[in-house]
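Read off the chains here:
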Amino acid sequence: MKRTLGVCYYPEHWPEDLWPEDAARMVEAGLSWVRIGEFAWSRLEPSPGNLQLDWLDRAIKVLGNAGLKVILGTPTATPPRWMADKHPDMFARDAGGHVRGFGSRRHYCFSHQGYRAESRRITEILAKRYGANPHVAAWQTDNEYGCHDTVLSYSDAALAGFRDWLSQKYQSPDALNRAWGNIFWSMEYASFDEIGLPNLTVTEPNPAHVMDFRRYSSDQVVAFNRDQTEILRRHTDAPLIHNYMGRVTEFDHFDVGADLDIASWDSYPLGFLEDRMEDSDAHKRSFAQQGDPDFQAFHHDLYRAVGRGRWWIMEQQPGPVNWAPVNPAPLPGMCRLWAWEAFAHGAETVCYFRWRQAPFAQEQMHAGLLRPDSVAAPALGEAADVAREIAAMPDVGTVEAKVALIFDYPSNWAWEVQPQGSAFSYFRLVFETYRTLRSLGLDIDVVAPSGVLQRHKLVLAPGVFSGAQIPDDCRVILGPRCNSKTPDFKINASPIPGVTVSHVESFRADMPRALPDGGAMIHWQEHLETTLPVHETSAIGEAVLVGGRAMYLAAWLDFEALRRVFRTQCEACGITTVDLPEGLRLRRTQTHQFVFNYGRDPVSWRGQNIAPAGVYWTEL
Amino acid sequence: MKRTLGVCYYPEHWPEDLWPEDAARMVEAGLSWVRIGEFAWSRLEPSPGNLQLDWLDRAIKVLGNAGLKVILGTPTATPPRWMADKHPDMFARDAGGHVRGFGSRRHYCFSHQGYRAESRRITEILAKRYGANPHVAAWQTDNEYGCHDTVLSYSDAALAGFRDWLSQKYQSPDALNRAWGNIFWSMEYASFDEIGLPNLTVTEPNPAHVMDFRRYSSDQVVAFNRDQTEILRRHTDAPLIHNYMGRVTEFDHFDVGADLDIASWDSYPLGFLEDRMEDSDAHKRSFAQQGDPDFQAFHHDLYRAVGRGRWWIMEQQPGPVNWAPVNPAPLPGMCRLWAWEAFAHGAETVCYFRWRQAPFAQEQMHAGLLRPDSVAAPALGEAADVAREIAAMPDVGTVEAKVALIFDYPSNWAWEVQPQGSAFSYFRLVFETYRTLRSLGLDIDVVAPSGVLQRHKLVLAPGVFSGAQIPDDCRVILGPRCNSKTPDFKINASPIPGVTVSHVESFRADMPRALPDGGAMIHWQEHLETTLPVHETSAIGEAVLVGGRAMYLAAWLDFEALRRVFRTQCEACGITTVDLPEGLRLRRTQTHQFVFNYGRDPVSWRGQNIAPAGVYWTEL
Amino acid sequence: MKRTLGVCYYPEHWPEDLWPEDAARMVEAGLSWVRIGEFAWSRLEPSPGNLQLDWLDRAIKVLGNAGLKVILGTPTATPPRWMADKHPDMFARDAGGHVRGFGSRRHYCFSHQGYRAESRRITEILAKRYGANPHVAAWQTDNEYGCHDTVLSYSDAALAGFRDWLSQKYQSPDALNRAWGNIFWSMEYASFDEIGLPNLTVTEPNPAHVMDFRRYSSDQVVAFNRDQTEILRRHTDAPLIHNYMGRVTEFDHFDVGADLDIASWDSYPLGFLEDRMEDSDAHKRSFAQQGDPDFQAFHHDLYRAVGRGRWWIMEQQPGPVNWAPVNPAPLPGMCRLWAWEAFAHGAETVCYFRWRQAPFAQEQMHAGLLRPDSVAAPALGEAADVAREIAAMPDVGTVEAKVALIFDYPSNWAWEVQPQGSAFSYFRLVFETYRTLRSLGLDIDVVAPSGVLQRHKLVLAPGVFSGAQIPDDCRVILGPRCNSKTPDFKINASPIPGVTVSHVESFRADMPRALPDGGAMIHWQEHLETTLPVHETSAIGEAVLVGGRAMYLAAWLDFEALRRVFRTQCEACGITTVDLPEGLRLRRTQTHQFVFNYGRDPVSWRGQNIAPAGVYWTEL
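Residue numbers (UniProt numbering), protein chains in the order written: chain E, 1 to 620; chain B, 1 to 620; chain D, 1 to 620.
The hints are simulated quantities; they were obtained by calculation from the structure and are not laboratory data. Each residue gets a CB set at the ideal place from its N, CA and C atoms; glycine is no exception. Just to be clear, a hint being listed does not mean it is correct.
Some but not every residue of chain D turned toward chain E, in silico, with C-beta under 7 Å [stated by the list, open to error]: (1) W185; (2) E188; (3) Y189; (4) L200; (5) T201; (6) P205; (7) N206; (8) Q420; (9) K490; (10) I491; (11) E505; (12) S506; (13) R508; (14) D510.
Pairs of lysine to aspartate or glutamate, EDC-like flavour, derived with a Cα cap of 20 Å [said to hold, decoys possible]: (15) D:K128 x D:D227; (16) B:K69 x B:E21; (17) D:K490 x E:E12; (18) D:K86 x B:E194; (19) E:K128 x E:D237; (20) B:K490 x D:E12; (21) E:K490 x B:D373; (22) E:K86 x D:E194; (23) B:K284 x E:D510; (24) B:K2 x B:E619; (25) E:K457 x E:D473; (26) E:K490 x B:E363; (27) E:K128 x E:D227; (28) D:K86 x B:D193; (29) D:K128 x D:D237; (30) D:K284 x B:D510; (31) B:K490 x D:D373.
Extracted from the complex, chain E is given alone in its bound form (with noise of 0.2 Å):
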């Protein structure tokens, strides 16, 4: 695979006499895709029937013929206005019974069927007309899915929707008043009809009845996205894409990725960085211009296990955005520096959002790679640098990592339903191990329970909620709170052979647990009755860290203590390790050790000196 470039571009809001123009400046600027056609529904069919697709064919052939591969969007995130007209009730209801209408994006539920058809419809369409056009090189289906927290739905459709999924998995109310326990508070079904969504109850409902109406969720982007490949299949045979988000985590990736061909993800390292991490003032006050120096680098590896080895950037973030607390710009350097990271992650396609700055709408304040009046924007400039530094190291190689960090979906919305400690966040507690393992200097592959290969040395496993396998011929840290229940959401109290959970314990922020080897254990201790060797303990001589290759950690570290663990597991099974410089981050291809800096001072490494948004490479 080759190293490419591309741009987000909406022919739709310019005059189809700059189109010729814009297609010359991206090629020139060094790009080779183009996004298009994700927002046009009401161009592209301004009434019921009424399809109006030749300035689309227009505008694949000015892009196409200049020399650009283009990505075509199914438009299936925005639905035009006279849908609600045809289908008033396929909005979704937010969790207080409001109904989520139109007048922005994402106004549909995911359960409904009559708006599933519609999706069907215009993709098929679409997919006939252009399918097998020589210039539409790729096909993205919707936009962001689960973007403005759009899976969970409390809609008429949802609800009738959860009621058949529930009676096709469970075939009598019995079986599923017997797997929730919902014995518990005489909550006991005698039919599939009298059960509800899990909103508006006057305590906690059951975690087990919340947690199958998460799983049903997930389901259903699944599905609306499979109806949408399956008809793309048929008429293409262009890779298929979706473009996720950054921490959006209410439904399994692994499970909409497993009927696409590629993975992308939409990239915004600074409205991230304020906007969904919960990372100290200083902290967001160091980074404030370059992003978190690991959130992006999580997400690379994460989506590359959801493409099965193939991800792009679908957008990336090219100056100010318009939807964070704050919205600075960044430091000079970083969106060439973003480029690399992702390239070194193993991406072939890093797209820019978006070509021109729009001067109306939502997104007016959010920077494009030209300013509203195409002067070039800063980002266009380093895009082109980049695009220069690609031609002379045009091949994607991904390093074969040896460490392997779990990350699985349902664990995340098990911890959502139970945290049991207000500080317990399933995606923090992966973060916070990933961040730890990548300040050693290492690689890592992000997996699915399924995805440990041989290759992986050391496997950690933190807060997988139920079923998390050991894997053969390697060390494995699984915990804290790892297998701690069944499928069924119910207590399972031994999360590997030999170890007993007793009881578990939660505790404030500011009452942290010294380790007397250094370091402490923050928010959550089990305590195990266990027959395992014990490698690391409490102060009052509770074990911590127990077990032979299959280890079980019974709490949340900090990042000392973390550290100094991973440091010595690493040594134990010959990984190297290094100590980075705060700032500094390191990955590898298979041919190129990469060096950033993330930081706004320039820092001295091996010799080196590297400046802020620096990015340093050496072959291998």
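Once you've looked at the hints, dock chains B and D against the given chain E.
For chains B and D alone, coordinates are given in the frame of chain E:
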């Protein structure tokens, strides 16, 4: 009365062949009581009219034959799912108008007459069948009235009931208009049918309107409970009990208690510390695994009054719970200490909640005396220790306290309706008074406004909104904010003869007003005109404490100032005080003095070294 | 014009035989005006059509005969309960869709045509009866438009009205689609009847959509008020007034004011400090019993412009109020100081609110000039002091300020719609500009964008979203964020000739960007391309202040930097500045200079020692 222990048990959760073993182990641990049945309606009546009581017959028999006394609960806190079809409008509505539906517990509106009839029906069925059963030695009505904010409901049933209640109270709309001062903003009503519930108004509703709604809502709890007690009385001579909660103040417990024989409450010291106390993080850190040293004691003294001398703990925390922001384990020994603190306050029985941790449904992370795998949890041993200790000291002889502190539920409603300063909490005002008294080593009676006895030499009446009397023959301190209103929620400026409040101020929490003799006024100050002697003045010479035998305190005092005032007043009426070290608390019975160490460190006191969680007693 | 005092009075709250005594005491205290009637509809028309005006006749007569001039209020802010039966859909709905019902005040939707007719009907009844009454010397329309967030309503009436308003503005859906940029996310409309209100969307609605809704909503307030003024004009020559509030910005007060003769506002310095200002706790502690030194002055200057030179205080805080988070008493002297600050700014009349504290209903804890027991509260004496003082200095001669500061209501709406950084508040930006100017001892005219006069040597125009003109013959500083949009809410990158904004940044409040000459940029920076002279540059050389006579300021500056810039610019155009001590403020009339000490401590200034709450004046 003898001191006894017990436990809460759910035979419907476990295989029937486990019951005899469970019963035997309970007896072996020294337990005398077992509470059952309160959440079992869906098994007692799986479909309307289809009664299935045989299993309960057998459970009672197994437990009783083992030597246990059964407390049988009416199951009305968890109506089965079919009830919602029979009475689709039975649910409460929250202040935003949302239905609080099926799926957890307490899903009924106290005002709903249809559900009230169902409650009577099932109560009568159980009363008839078990009223004379020799093993059923006590009854519990419903479960935790008011838990999960369920007293206030804005349903249609509540609206109809409220209008009827108002028509009976006021007889004519004009009388109501005059009482409420509805002329104020043209809020006058021509008919009772025009009156709405006091939610969803543009700005605050009339406080008199809200206050009557609070009274009405409390009355519905009383009526609901009385429905059951009237039936039970016809069929049983066993004592009737309800299990109240900590810091639930939405209904008048004295009113409910008047229809019962014994008050009990559910004591969760660690959960309450984190979930229901406004204290500083530093305070919460100090007592994170012990619970606040005074919160339980306050409720013990309160519910002793509610039970007219007879009171129990129906549910005692046995380990980590599942519902607070963080859920640590108690320090070793606390499950013993908490029981002894209760006994020292006159509890007849302490029941731990629950026998065996249920591995399923909402409370699966809530500890029991047994783990889900039936292994003894730490609290079982502590319970057995207590059982042995009370065998040596069986008699409950409650000390005759000399200090009384008035707690008045309507006052709590009044100041929630009209706090006037955001920090003004009636509960908090009373609790800080209690805490200060107890820090002086005092035994306290918490009493209703009508509950002052001859033996009380010093009476405290902070914040009683209306109608607080000055008892004969004792020293009494009223205020702040005492008698500041008429029953109609109008200003009364003369709280005691000789004192006029010219105006009041609430002020910033970060602007305490220092007192010349130490300590400060916080949150609240009334400006007095008085002909009475002045005992305490502000830095600028305002009267802060005035009066003779009956005194008026014009401000909310901080701990230091309050302690100084109380020390002086105790001395004046011959009550001995001591300066207790941080975390140490005293309590006397008729025969013994108990010392409790709530601190994390050992404390030396009067020659004794008392360990953390230590209990030490001496004969008087 | 003469300076006068007045008071707000509710004869309907008190026994009729108290009226003559009250009137006599008002006159005795030196009051000239008494406002009545604005909440009395339920007594004027107890049932539909049943008019009962005799009591009002008598009240006016008693007050008038005592020598008082009456301001008569239309009672439309508190429609009686029967109105809700006549017009069940008359209520506003909040953004969540909840009806904001009966039970307090302002329970009507400005868009409801049925209620608009009722408002005209009762206005006409009162206008006919009292329009020529010699005692009725002024009229007040309604009461505090916009208080309790009542401008924006999401009712059916608002939806219908909005569609109609849009159809008149745009004439065709296509024109609207183009203006709003609805192509952006396929949001195009085929008919005006398809357009919804901009609430309950999945993510943010189109800012152009919201902006038009804000304009529409403001227009409804204007129309509602005009309904009344047109009727009143036909029956009376007395001046027409409305009493605006502090920091209510949801409707354009200049538009409402154009239909009235005098602007007035309700000034609650202590309540506003705690409830409506974002300042630090330290600042709030410094002025807890005095109010912010500039908040009232800003509104005085603003409403002087709204009233085209004629303005009053209709309600002046007389002691503790009931509605702020904390409600302390003003320092002795503040009720005098506040009145003099108003008079120094050109107020003709200051009315205290209210005569006697009402012991019932919502505002029972709100002080009056009398206590509920009719004893004089402290403010009565201060009012009498002011009365004596103005007798010696009766003339209002407003100084001709040389500095103008533009305040533009649509700009406030625009930046609420699209803050782009969470700290960006238009009100705050303007207010901080005002505060800085005032700290330099300047007299300021706050003006509408069209209100700049020849005498204004220096004009400030921060944050005017669109269409700000550069006045002739004066020095003007536009920006930050000035003229950054077209009226259609699209980006305009050229705020003044010679300046192009290449891009903008919002940034963390804890990351100020220090300026080389002192102070810092905070919250917001625009990056300029300019051909104009640069007066101020950032630490890395970016242009921060550029231009000639017309300058553009590219950033939000902190107090220190702004003060430096303003000092320099004042010097350049011959305006003298002074460095005032903390808490001291100046204001001139045509004849006098006033010095006000808002601090808690005495201040020495130019040889004068000025006590806390002290007012000191000298002839110019």
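Interface hint compliance - D:K490 to chain E, C-beta minimum distance less than 7 Å: holds (5 Å)
For the pair supplied as a hint, E:K86 and D:E194, is the alpha-carbon distance within the 20 Å limit? It holds: about 13 Å lies between the C-alpha atoms, which stays within 20 Å.
Status of the hint placing D:W185 at chain E (closest C-beta pair under 7 Å): holds (5 Å)
Under the criterion of a CB-CB separation shorter than 7 Å, is D:Y189 in contact with chain E as hinted? Given a least distance of 6 Å, the restraint on D:Y189 holds.
20 Å limit on alpha-carbon distance, applied to hinted pair D:K86 and B:D193: At roughly 15 Å apart (the allowed maximum being 20 Å), B:D193 and D:K86 satisfy the hint.
Minimum Cβ distance from D:E505 to chain E below 7 Å? Interface hint status for D:E505: holds (5 Å vs cutoff 7 Å).
Does the closest beta carbon of chain E sit nearer than 7 Å to the beta carbon of D:Q420? Holds, about 5 Å.
May I ask you to test the interface hint for D:S506 with respect to chain E, counting a Cβ-Cβ separation under 7 Å as satisfied? holds (5 Å)
Within a Cα-Cα threshold of 20 Å, do B:K284 and E:D510 meet the stated pairing? Cα-Cα ~10 Å, so holds.
Just to be careful: measuring from the Cβ of D:N206 to every Cβ in chain E, is the smallest value less than 7 Å? Hint holds; D:N206 Cβ to chain E Cβ min 5 Å, cut 7 Å.
Can the restraint linking D:K128 and D:D227 be considered satisfied, given a maximum Cα separation of 20 Å? With Cα atoms ~15 Å apart, D:K128 and D:D227 stay inside 20 Å; holds.
Are B:K69 and B:E21 close enough, with their CA atoms no more than 20 Å apart? Roughly 16 Å separates the two Cα atoms, so the pair holds.
Figure legend: structure checked against the earlier numbered hints; every hint is met.
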